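S.K.: What follows is each chain in one-letter form.
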Amino acid sequence: MISLIFFLCIGALLFSSLFLLARRNPRSEGSSTALVEAQQALTALQTGLLPVALVRRVFAREDWEYVRSEAPRSVRELFLDERKSLAILWLTQVRAQIRSLARFHRGAARHYAKLNPRLELQLAISFAALTGACRALQLFVYVAGPYAAPQMVGAVAEAAGRICKTSEQSLAFLNAARLSALAIPATTARL
Amino acid sequence: MDVEQAACDLRNRTLSDIPRSLDRLIYLASMRDYNTGLYYHDGLAWRFTQEVACEALADCHREAFGQLVGCSLRDLVGQMEAYIRSTHTSPRDFVAAWKKLEPYRVAVPVETDPVSAQLLFSSFKIALAILEARLPSVPEQPAA
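Chains A and B, in that order, give the protein sequences. Using my numbering, you'd call the opening residue of the first sequence number 1 and step up by one each time. Using my numbering, you'd call the opening residue of the second sequence number 1 and step up by one each time.
These are computed hints drawn from the structure, not numbers from a lab. Mixed in with the good hints, there may be bad ones.
Stated by the list, open to error - The calculated lysine-lysine pairs, modelled on DSSO-like cross-linking and capped at a C-alpha distance of 30 Å, are:
| no. | chain 1 | residue 1 | chain 2 | residue 2 |
| --- | --- | --- | --- | --- |
| 1 | A | 84 | A | 165 |
| 2 | A | 165 | B | 100 |
| 3 | A | 84 | B | 100 |
| 4 | B | 99 | B | 125 |
| 5 | B | 99 | A | 84 |
| 6 | B | 100 | B | 125 |
Stated by the list, open to error - Derived Cβ-Cβ restraints for the label pairs, each shown as a range:
| no. | chain 1 | residue 1 | chain 2 | residue 2 | range |
| --- | --- | --- | --- | --- | --- |
| 7 | A | 154 | B | 113 | 33 to 41 Å |
| 8 | B | 34 | A | 150 | 50 to 58 Å |
| 9 | B | 97 | A | 96 | 30 to 38 Å |
| 10 | B | 89 | A | 172 | 49 to 57 Å |
| 11 | A | 62 | B | 85 | 47 to 55 Å |
| 12 | A | 131 | B | 113 | 16 to 24 Å |
| 13 | B | 102 | A | 169 | 39 to 47 Å |
| 14 | B | 90 | A | 165 | 50 to 58 Å |
| 15 | A | 168 | B | 43 | 25 to 33 Å |
Stated by the list, open to error - To give a feel for the contact side, a few chain A residues facing chain B, derived at Cβ under 10 Å:
| no. | residue |
| --- | --- |
| 16 | 78 |
| 17 | 82 |
| 18 | 126 |
| 19 | 127 |
| 20 | 155 |
| 21 | 159 |
| 22 | 162 |
Computed from a predicted model, the values in this text were never measured in an experiment. Here a beta-carbon is modelled for each residue, glycine too, at the ideal position from N, C-alpha and C.
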């Protein structure tokens, strides 16, 4: 009886594993779509979300000093609400794009034997730390306001920038790998 | 190359007469057809081609948007005050209309990232609240 239950449990485990594998997101299979999405995420981070000028503007203390000195209380409250929402939006967007890059790297790591395992492990740790930091900062901004942790904002932006650089190298390598893979049949055909 | 030349031409001949980035943004947004998203400028299209003129206007629009997003709140409020004076509208009417209609929402170039767009909308909202707070209070009408 015990052995029957044991085998039934193993069967259920195998079945649920198969079910999960079947449900797995096809985008993580290292397809062209995943590559395009990763490139879009990289572009969104590098040109839209991480430029120093934008981050400085979103968290600009001089704007708060100006409002505090020039405007009545109702405007001061409006300002803080608006900047808090904006800071949370920025963090949400950064986190979403970082997760998109992480998803791509997870998929790519399974398909490209030439990827550097050490680099990928470092990236995995960096992705996890950064998404965690984004979430923590979101909570912090929500509770204490947009100007509560300027150093943490800088640290998140810098860490995201570093991840972008590493991802850029990986994506360049993958693009080259794909182009050379496409070039092989063409060369063979010419021969 | 043609697009760069057309953008230079636009900057030198037209935009140099519009000193503030807020005014440039509104002017360039008004050159865009809301139905198609394409920009039109007869003079520029005559000198170059319609496609090149459209690209050049889009480039200058993005540039003006970037400059305005980079402005401090103090600067934006100053630009809005100057813009109100240039329209010869009463500040009270202007603030009321902009708060209600939010015309700045249609002045953003296409494919602008959501955080930059939201930053500008938010800054306009706060600037309008500051300008409203500065308006002289209306004297109460005596009861009839």
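S.K.: Give a verdict on every hint.
M.R.: Taking the hints in turn, this is what the structure says about them:
no.	hint	result
1	A:84 / A:165	28 Å, holds
2	A:165 / B:100	44 Å, violated
3	A:84 / B:100	23 Å, holds
4	B:99 / B:125	7 Å, holds
5	B:99 / A:84	21 Å, holds
6	B:100 / B:125	11 Å, holds
7	A:154 / B:113: 33 to 41 Å	20 Å, violated
8	B:34 / A:150: 50 to 58 Å	40 Å, violated
9	B:97 / A:96: 30 to 38 Å	36 Å, holds
10	B:89 / A:172: 49 to 57 Å	53 Å, holds
11	A:62 / B:85: 47 to 55 Å	25 Å, violated
12	A:131 / B:113: 16 to 24 Å	20 Å, holds
13	B:102 / A:169: 39 to 47 Å	43 Å, holds
14	B:90 / A:165: 50 to 58 Å	53 Å, holds
15	A:168 / B:43: 25 to 33 Å	42 Å, violated
16	78	5 Å, holds
17	82	4 Å, holds
18	126	22 Å, violated
19	127	21 Å, violated
20	155	19 Å, violated
21	159	18 Å, violated
22	162	20 Å, violated
Going down the numbered hints, you'll see the structure goes against 2, 7, 8, 11, 15, 18, 19, 20, 21, 22, while the others check out.
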